[in-house]
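> Top line first, the protein sequences correspond to chains A and B. Using my numbering, the first residue of the first sequence is number 77, and each one after it goes up by one. Using my numbering, the first residue of the second sequence is number 3, and each one after it goes up by one.
Derived from the structure by calculation, the hints contain no laboratory data. A virtual CB, placed ideally from N, CA and C, is assigned to each residue, including glycine.
Partial selection, computed: residues in chain B whose CB lies under 7 Å from chain A:
| hint | residue |
| --- | --- |
| 1 | N257 |
| 2 | D258 |
| 3 | A290 |
| 4 | A291 |
| 5 | G294 |
| 6 | F295 |
| 7 | A296 |
| 8 | H297 |
| 9 | A298 |
| 10 | R299 |
Some residues of chain B that are not near chain A, with every Cβ distance over 12 Å (derived):
| hint | residue |
| --- | --- |
| 11 | D178 |
| 12 | C213 |
| 13 | R245 |
| 14 | R406 |
Listing some non-contacts, in silico: residues in chain B with all C-beta distances to chain A over 10 Å:
| hint | residue |
| --- | --- |
| 15 | G5 |
| 16 | T41 |
| 17 | D53 |
| 18 | D109 |
| 19 | W143 |
| 20 | Q155 |
| 21 | D266 |
| 22 | A405 |
| 23 | R413 |
| 24 | V423 |
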Amino acid sequence: MKTPAPFVRATPFHARAAEANRGNAWSARNGVTLATVYSNADDEALTARLRVAMADISWRWRLALEGDGVTALLSRLFTRDVSKLSPGQSLKALWLTDGGAVRGAGLVARYGRDKFLVASSEPDPDWFQFAASAFATTARDISAEEGGLAVIGPYAKVVLERAGIEAALEPLQFRKLFWRGLDVTLSRWGEHGGYEIWCKPDDGILVWDRIARAGAAFGILSAGLAAVDLLDLEAGIARPDRDYQAARDGFAKAPTPASLGLERLIDADHAEFNGRSAWLANRETEPKTLVGIEIDMDRAAPHTPLLLGERKVGHTLNSHYSPALRRTIALAQVERSAAEPGTSLTLTLSPNRETPDFRTVAARVVALPFLPAPDSIAP
Amino acid sequence: MSGSTCDAIVIGGGISGLAAAAYLARSRKRVVLLEAADTLGGLCRNAPLGDGIQIPFAAHALYALDQRVVKDLRLTRHGLKFAARDMPLAVLRSDGKHLVLSSNARDTARSIALQSQSDAEAWPRFRGELFALARAMRSLWWDDQALRLGLGQQTALERLSRTGASAWLDTWFESDVLKAALLFDAAAQALSPNEPGSALSLVWRAAQEICGLQGAVAFPLGGPGTLVDALALAARQAGADLRTRAKVARLIVANDGISGVELDNETISAPLVFSTLPATETFALAPAAAAGFAHARDLAADRTRTGEAKVTFALSELPTPGGVALSLGSRFIFAERPETLAYAYRASALGHFPDEIAFEMILPSAIDPSLAPAGRHIVSALVRPIPLAPDGGWPQRKAELAARVAGVLDRHFPSLSQKIVAAEILTPDELSPSRRADVTRMLSHWGERTQTPIAGLMLCGASAEPVAAVSGRAARLAVAKALERKR
Numbered sequence: 077m078k079t080p081a082p083f084v085r086a087t088p089f090h091a092r093a094a095e096a097n098r099g100n101a102w103s104a105r106n107g108v109t110l111a112t113v114y115s116n117a118d119d120e121a122l123t124a125r126l127r128v129a130m131a132d133i134s135w136r137w138r139l140a141l142e143g144d145g146v147t148a149l150l151s152r153l154f155t156r157d158v159s160k161l162s163p164g165q166s167l168k169a170l171w172l173t174d175g176g177a178v179r180g181a182g183l184v185a186r187y188g189r190d191k192f193l194v195a196s197s198e199p200d201p202d203w204f205q206f207a208a209s210a211f212a213t214t215a216r217d218i219s220a221e222e223g224g225l226a227v228i229g230p231y232a233k234v235v236l237e238r239a240g241i242e243a244a245l246e247p248l249q250f251r252k253l254f255w256r257g258l259d260v261t262l263s264r265w266g267e268h269g270g271y272e273i274w275c276k277p278d279d280g281i282l283v284w285d286r287i288a289r290a291g292a293a294f295g296i297l298s299a300g301l302a303a304v305d306l307l308d309l310e311a312g313i314a315r316p317d318r319d320y321q322a323a324r325d326g327f328a329k330a331p332t333p334a335s336l337g338l339e340r341l342i343d344a345d346h347a348e349f350n351g352r353s354a355w356l357a358n359r360e361t362e363p364k365t366l367v368g369i370e371i372d373m374d375r376a377a378p379h380t381p382l383l384l385g386e387r388k389v390g391h392t393l394n395s396h397y398s399p400a401l402r403r404t405i406a407l408a409q410v411e412r413s414a415a416e417p418g419t420s421l422t423l424t425l426s427p428n429r430e431t432p433d434f435r436t437v438a439a440r441v442v443a444l445p446f447l448p449a450p451d452s453i454a455p
Numbered sequence: 003m004s005g006s007t008c009d010a011i012v013i014g015g016g017i018s019g020l021a022a023a024a025y026l027a028r029s030r031k032r033v034v035l036l037e038a039a040d041t042l043g044g045l046c047r048n049a050p051l052g053d054g055i056q057i058p059f060a061a062h063a064l065y066a067l068d069q070r071v072v073k074d075l076r077l078t079r080h081g082l083k084f085a086a087r088d089m090p091l092a093v094l095r096s097d098g099k100h101l102v103l104s105s106n107a108r109d110t111a112r113s114i115a116l117q118s119q120s121d122a123e124a125w126p127r128f129r130g131e132l133f134a135l136a137r138a139m140r141s142l143w144w145d146d147q148a149l150r151l152g153l154g155q156q157t158a159l160e161r162l163s164r165t166g167a168s169a170w171l172d173t174w175f176e177s178d179v180l181k182a183a184l185l186f187d188a189a190a191q192a193l194s195p196n197e198p199g200s201a202l203s204l205v206w207r208a209a210q211e212i213c214g215l216q217g218a219v220a221f222p223l224g225g226p227g228t229l230v231d232a233l234a235l236a237a238r239q240a241g242a243d244l245r246t247r248a249k250v251a252r253l254i255v256a257n258d259g260i261s262g263v264e265l266d267n268e269t270i271s272a273p274l275v276f277s278t279l280p281a282t283e284t285f286a287l288a289p290a291a292a293a294g295f296a297h298a299r300d301l302a303a304d305r306t307r308t309g310e311a312k313v314t315f316a317l318s319e320l321p322t323p324g325g326v327a328l329s330l331g332s333r334f335i336f337a338e339r340p341e342t343l344a345y346a347y348r349a350s351a352l353g354h355f356p357d358e359i360a361f362e363m364i365l366p367s368a369i370d371p372s373l374a375p376a377g378r379h380i381v382s383a384l385v386r387p388i389p390l391a392p393d394g395g396w397p398q399r400k401a402e403l404a405a406r407v408a409g410v411l412d413r414h415f416p417s418l419s420q421k422i423v424a425a426e427i428l429t430p431d432e433l434s435p436s437r438r439a440d441v442t443r444m445l446s447h448w449g450e451r452t453q454t455p456i457a458g459l460m461l462c463g464a465s466a467e468p469v470a471a472v473s474g475r476a477a478r479l480a481v482a483k484a485l486e487r488k489r
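With these hints in hand, go ahead and build the complete structure from the sequences.
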């Protein structure tokens with residue numbers, strides 16, 4: 077497995093992203109330079125929800141796995157049975173520590189009988205490298221070998237068809253395409269509906285331009301990291317690094333899948349995944365669960381205590397103003413007794429420039445996701 | 003492929019395996035013991051070395067045999083007797099200033115005083131402190147398996163778990179010979195005497211008892227093979243099915259639990275499997291990473307580089323020590339200085355043959371004449387530390403090792419090497435190297451070491467002991483733990 081280059085890498089779309097980045101606001105994610113915001117994060121997120129937006133997702137950590145033991149390896153690693161996948165299909169699942177804690181969440185895509193791709197928002201090379209060596213499998217980091225451009229929004233499919241791509245794909249499917257002279261992979265792996273186009277680094281500019289041109293009539297915008305994070309929050313997805321610290325000790329018992337609302341990514345009937353018995357043993361005793369809350373005021377800092385009456389029942393994670401909902405929303409970890417939608421909680425916000433005092437404000441538990449994925453309101 | 007069912011399976015027919023089988027059978031479990039070799043006994047068996055000579059195959063003297071195992075399994079009634087119960091320890095030096103430590107306190111004090119007067123005065127105090135700590139440590143393997151520490155002992159043990167054995171001895175003694183002798187025993191677990199925590203292994207060693215004597219070393223009548231026979235008899239009488247030439251090919255694991263084992267042409271189902279194989283070999287029989295990836299990674303990260311070698315000679319005459327009168331029933335240690343062990347460890351860890359070897363030698367036929375026919379004698383030497391894989395490989399360097407041992411012996415037993423009629427060399431790789439002792443585990447709960455992440459699979463061999471030793475203790479505790487859980 078190749079170790080990432082020590083300097084900050086640009087993505088294949090960087091030249092175009094730099095032109096579009098009016099505020100010159102950049103972030104680094106997984107060692108890749110990405111636009112935080114192109115013009116206005118709220119606009120970009122709303123555009124993705126109501127029209128169509130494109131986002132550079134080349135920062136995702138991607139691993140190609142090959143070898144005789146690869147199916148057995150991935151069945152053992154992931155919380156769902158990858159051996160049931162046919163080539164061209166994918167699934168989303170977790171990988172757990174021996175102690176049943178979440179070590180990562182990601183996607184497994186089957187390319188062939190003994191060929192798979194694993195993608196995740198946070199790298200975990202040590203774990204995969206060792207696991208692969210135990211199953212006579214080679215694991216190769218291919219994060220820098222392809223650029224990825226996501227096209228999100230109700231008009232995503234129309235824009236792709238205008239650009240000359242036959243976009244008939246079910247969610248979680250993927251297909252290799254020859255697109256007007258370019259070899260690309262079209263996938264539907266995203267959390268927010270839409271499509272992703274994966275291309276060779278040298279083709280990045282062409283891909284960006286073709287989508288931008290086809291999308292112009294639909295008011296396409298490029299969406300920065302802040303906008304995509306907002307979509308994640310609206311979809312109720314807890315992400316490693318941003319919302320929680322994934323376990324890095326191989327025997328860790330926390331964070332549990334239940335505390336992060338990630339049990340939907342576990343197939344309890346899949347008998348052989350790593351950490352299964354520890355997960356089963358601990359799931360009943362996990363006091364916390366993931367909920368959404370609406371706050372009647374500004375966003376709260378992560379880990380702000382949430383009170384039910386006088387009692388602390390949990391804390392917030394990431395929170396943000398949702399332009400689509402027109403209110404502040406937050407992910408929160410609360411005790412199961414306080415997880416019922418409609419439960420009224422209070423929290424104390426820190427002073428800021430406008431109100432230089434501590435303020436106690438009300439919040440309500442709501443069901444996740446806050447909003448459905450944008451594409452389900454497709455015209 | 004035929005199949006059968008029983009209550010418990012024991013893998014390995016050494017001391018631990020036989021003890022586990024006997025304990026299980028006594029609890030009215032239908033138990034099958036599977037030994038891959040032609041005979042039972044593993045490292046403790048007696049092996050023939052031509053001319054009717056019986057040599058202790060690997061282990062030659064016992065110092066850690068669990069008293070409760072002896073009592074519970076009535077080993078004495080089943081034929082276990084000792085030819086020597088508390089062998090004196092003789093450290094031989096090339097300058098003739100030998101040191102003899104025996105159960106006779108006055109003789110010991112006189113012998114130490116020949117080296118250093120202040121050491122002779124410090125010795126009883128040192129023994130007092132060491133043995134008190136050791137007795138506290140012993141509660142780890144008695145009933146509740148928890149440390150019962152007296153005032154100040156907690157601090158003392160914590161301090162020792164960060165202290166190197168040689169540094170600790172330096173605070174007590176000035177005599178090189180005395181320190182070297184003590185360090186040799188502490189080197190049993192592939193730890194450098196300079197390594198932090200190795201002081202704890204001195205305490206561990208002092209916590210062992212045999213024939214009811216703390217810190218003693220004993221030799222069974224008829225060699226260690228007698229212990230094997232006694233245990234096998236105890237196990238058979240209790241109803242255990244002991245099979246040899248039964249090599250386990252695979253462990254059957256489903257849903258993180260064990261359901262049996264697969265042999266070449268047979269499947270045996272059982273909800274409990276006790277393995278006396280080293281942890282790495284045990285889990286190599288299970289599907290890859292069956293016990294978890296982090297667990298597998300921990301096993302793979304084992305950096306044991308040194309081990310023990312066993313050199314056995316058959317002699318045509320009884321060797322006689324040059325110069326002084328020494329009891330031939332002693333345990334002889336050849337290590338001139340504490341540095342001998344530190345340097346030997348360092349060289350071995352890098353895969354080099356040490357310039358100066360350290361070893362322990364006994365003369366089994368002098369202790370128990372029945373082991374060799376008249377006119378024949380046995381020299382049994384345990385060399386450590388020695389590289390697990392020396393430069394050039396063991397097959398090439400076996401003879402060199404034997405020559406080195408014979409060379410050192412010649413210095414103290416004149417012309418011994420001319421009396422050698424046969425030799426047997428057992429290299430560390432053949433001795434099934436034990437995992438490096440983890441001092442942090444030395445004070446941990448015994449039950450944890452026998453358990454594995456695979457439900458129903460227990461470790462009860464050397465892997466479950468903090469320091470590999472012939473004790474049967476891991477078997478006793480693993481069976482107790484498993485049966486308690488089932489109930």
